[in-house]
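Novice: The residues making up each chain are set out below.
2 protein chains.
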Amino acid sequence: MQFELNKEYIQEVQSCLRENLDASLLHDINQLHPADIAEIIDELENEEAITLFSILDEEIATTVLIELEEDVRQLMMNSLNANEIANRLIPNMDSDDAVDIVAELPDKKKDDVISAITDVEQASVIVDLLSYPEDSAGGLMAKELIKVRRDWTPLKCVKEMRKQAEDIENVYTIYVVDDRDKLLGTLSLKQLLLAKNDEKVEDIYYEDVLSVKAYEKSEEIASIMEKYDLVVLPVVDELDRLIGRITIDDVVDVIKEEAEKDYQMASGISSNVDSADSVRMLTKARLPWLLVGLLGGILGAVVINQYEDTLGLYPEMALFIPLIAAMGGNVGVQSSAIIVQGLANNSLGFDSMSKKLGKEFMVAILNGLVCSALILVYTMIYKDNLDLAVTVSVALVLVIIFAGLFGTIVPLTLDKYNIDPALATGPFITTMNDIVGLFIYFGIGHIMYSML
Amino acid sequence: MQFELNKEYIQEVQSCLRENLDASLLHDINQLHPADIAEIIDELENEEAITLFSILDEEIATTVLIELEEDVRQLMMNSLNANEIANRLIPNMDSDDAVDIVAELPDKKKDDVISAITDVEQASVIVDLLSYPEDSAGGLMAKELIKVRRDWTPLKCVKEMRKQAEDIENVYTIYVVDDRDKLLGTLSLKQLLLAKNDEKVEDIYYEDVLSVKAYEKSEEIASIMEKYDLVVLPVVDELDRLIGRITIDDVVDVIKEEAEKDYQMASGISSNVDSADSVRMLTKARLPWLLVGLLGGILGAVVINQYEDTLGLYPEMALFIPLIAAMGGNVGVQSSAIIVQGLANNSLGFDSMSKKLGKEFMVAILNGLVCSALILVYTMIYKDNLDLAVTVSVALVLVIIFAGLFGTIVPLTLDKYNIDPALATGPFITTMNDIVGLFIYFGIGHIMYSML
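Just so you know, the sequences run in chain order L and Z.
To convert a position in the first sequence, counted from 1, into this note's numbering, add 12.
To convert a position in the second sequence, counted from 1, into this note's numbering, add 12.
In isolation and in its complexed conformation, chain L is listed as follows:
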């Protein structure tokens, strides 16, 4: 029932496409789920992809288009003229998908497509939806929905819903509105099925309904739908009039993108890339943070240079430079990751900054003492040098405490000023902790050895 794409299948498709068309294979492809067809097209070379796309059934092609990777979709859209897009693709789409497709077009073609749409109502829906920012409720919502009036009977509801349903693929919820379209509540299929014929909608509908305004941010929508376990969320305008609905499948993408963005930031990747992207794009996404790391390394060299005398007198201090730098980095990444994830999930609670720092301090002390004790024993046994052992282990405790506190303060502070706290994780915090760690280490070394 489920399709598993493999390399052999792709090669078979490719050879069919090259040596002209083998009807049976292409017939098979038309039978697949559009998401599977999209997966196949994503793997093909440009020309092959356009050929395969062009011979798909019209309705299937529409859904495939939505499921394609963005760069492959661009390619397909470039192969179609404005009229084809306007009158062969768009009429088969839900309004939210249609607007996403149109929004991706270059300005000139966007205008051409909109003016080529023959269904005036559809054109105006798209123009309307285009006016909302992509990452807002308005940008995520579709206009297609089923609504009933509070004074209708169950029979009238079914009759009207029949009319409305003709345009709609999936019915998620039945909305109840007043005569000005103000959202009043919802009517579940269950309530409708169990209703008696002489009842009215207002007797049976459910009044408590969560809705969002059209300009609400997509992150906020994701967190509402997640918290309240919603499958669909109605969108209202400033006068609480029902204007659309957002379904969870679109929000799953937002949730995933958010999590991936944090992960990529923590890994030092500055834009949303995946391994299929070009060498140029991958390099561009990775170089910025490497340059931050490079600058950090240079500053580290400056710090060590400052303590050239100490290092000249006690060259064995060089041995533990990587240890100090690595531990500061690791602790900083850990503590900042816990804060960033807490902020993303709204699970930080209402403790004050000082209480949070107090807790991080305790954790750092515990981890620091364990690590320090181990390194003290190691250095005594293998180097038999008490001064070095004390220097390294005292520095290590201090570095771990500093890195833990710093990793807590920075994301909280960024968040306070509405800067993405995920910026604080990964290379930035590692680099900062490297430098400060070296200061601490050589500072203590300087004091220790100057006391001799």
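A portion of the hints provided could be inaccurate.
Put simply, identical chains are the same to the list, so a pair is met inside one copy or across any two.
[Stated by the list, open to error] Straight-line C-alpha distance at most 30 Å; calculated BS3-like pairs for lysine-lysine:
1) LYS212 / LYS194
2) LYS268 / LYS155
3) LYS194 / LYS168
4) LYS122 / LYS229
5) LYS428 / LYS367
6) LYS239 / LYS229
7) LYS175 / LYS208
8) LYS202 / LYS225
9) LYS171 / LYS208
10) LYS239 / LYS122
Hints listed in this document are in silico derivations from the structure and should not be mistaken for laboratory results.
Once you have looked at the hints, place chain Z on chain L.
Specialist: Chain Z alone, transformed into the frame defined by chain L:
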């Protein structure tokens, strides 16, 4: 329409609970959405939480329970006896939630609760669901669903659905089965609404339906529902008989947990903790990777020690130890993160390992040359030492290439042997690259200076 929890509200609730009960505030709380009530209870002290929970309306208390954090829920469950759980909570729950609650109980209490359930059918449903692993389709599914037979008329469907709907909160999809309960397809509300009276289900239902077997893994289910944009997915047994359905809201949690697990692993946190957990738990989750880092630091010291002579002769080499270590770590984390995310999203495509490595090699060369050129210029200007400049910049290119390739190979290899590739990110790869980076740096330094 939406509730925003703040510290003042919590304090108000707390003082009401302490100075005996203020009926009006508690009445207000009962009006809130259960997810909001759960958020309030999560923030209270143990005794207060139990008190507030005990005075909630029965049906609300049930939903609140499901929304609580796991440790708080345990606390509430401990405050209830087996009979209360069996006959006051469970009858108000969907079967998937009921089984989650029962599964969390200690063995003895679990048995007591099951034998205390008076509704025999409900007890057998729970026993049945308990037999599936928690992270399988069976563990995620609920038994409540609406099904119609292929030979029914629309009228008969509506009549039968009325009966079935009484037990069901939300109707997502109407399933079509044969007389042996074998899943045949789905019937949308739209199809039912548009059907003529003399048609039968078999004339109008939609045959293509994706389903999963009861033992399918939850990650696999998440990726199916995501790929095909499903809101609900039916579960069948080995004979393709319909036994339950999984809704997207439960799968959103799986998707989030997966993403968070990868993020935490990359950040060096070894178990699922958040900042509200105790100092002991936080320390325990963080210490293991710090010890790995510590071991790496010690091995780094061993490597440098090996090249003591070189370092003794050319102490200025110490300056760039942090730079070499940091850059190796950063590049390794970047390349492994791209692979781990690609594996998680099934977006790696079908390129062979060697083609992937070839691409990573190109990216590494480009990044390496840019960084190297910069460090060459810096070292020449500020240190005016050609040997050092050449050593550092050649070592840097090699370290970046090695780290990039290593970060690509390790997660791909782990995945091949069914080990979680996310293990390869974060501290592990950083530590490995630190050590190898030092080898490369001092190795080249040794060669360079011995040529003098």
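Novice: Now tell me if each hint is right for this structure.
Specialist: Outcome of the hint check:
no.	hint	result
1	LYS212 / LYS194	within (18 Å within a copy, 38 Å between copies)
2	LYS268 / LYS155	both (24 Å within a copy, 28 Å between copies)
3	LYS194 / LYS168	within (19 Å within a copy, 35 Å between copies)
4	LYS122 / LYS229	within (25 Å within a copy, 43 Å between copies)
5	LYS428 / LYS367	within (16 Å within a copy, 45 Å between copies)
6	LYS239 / LYS229	both (16 Å within a copy, 24 Å between copies)
7	LYS175 / LYS208	both (22 Å within a copy, 14 Å between copies)
8	LYS202 / LYS225	both (27 Å within a copy, 28 Å between copies)
9	LYS171 / LYS208	both (15 Å within a copy, 13 Å between copies)
10	LYS239 / LYS122	between (37 Å within a copy, 28 Å between copies)
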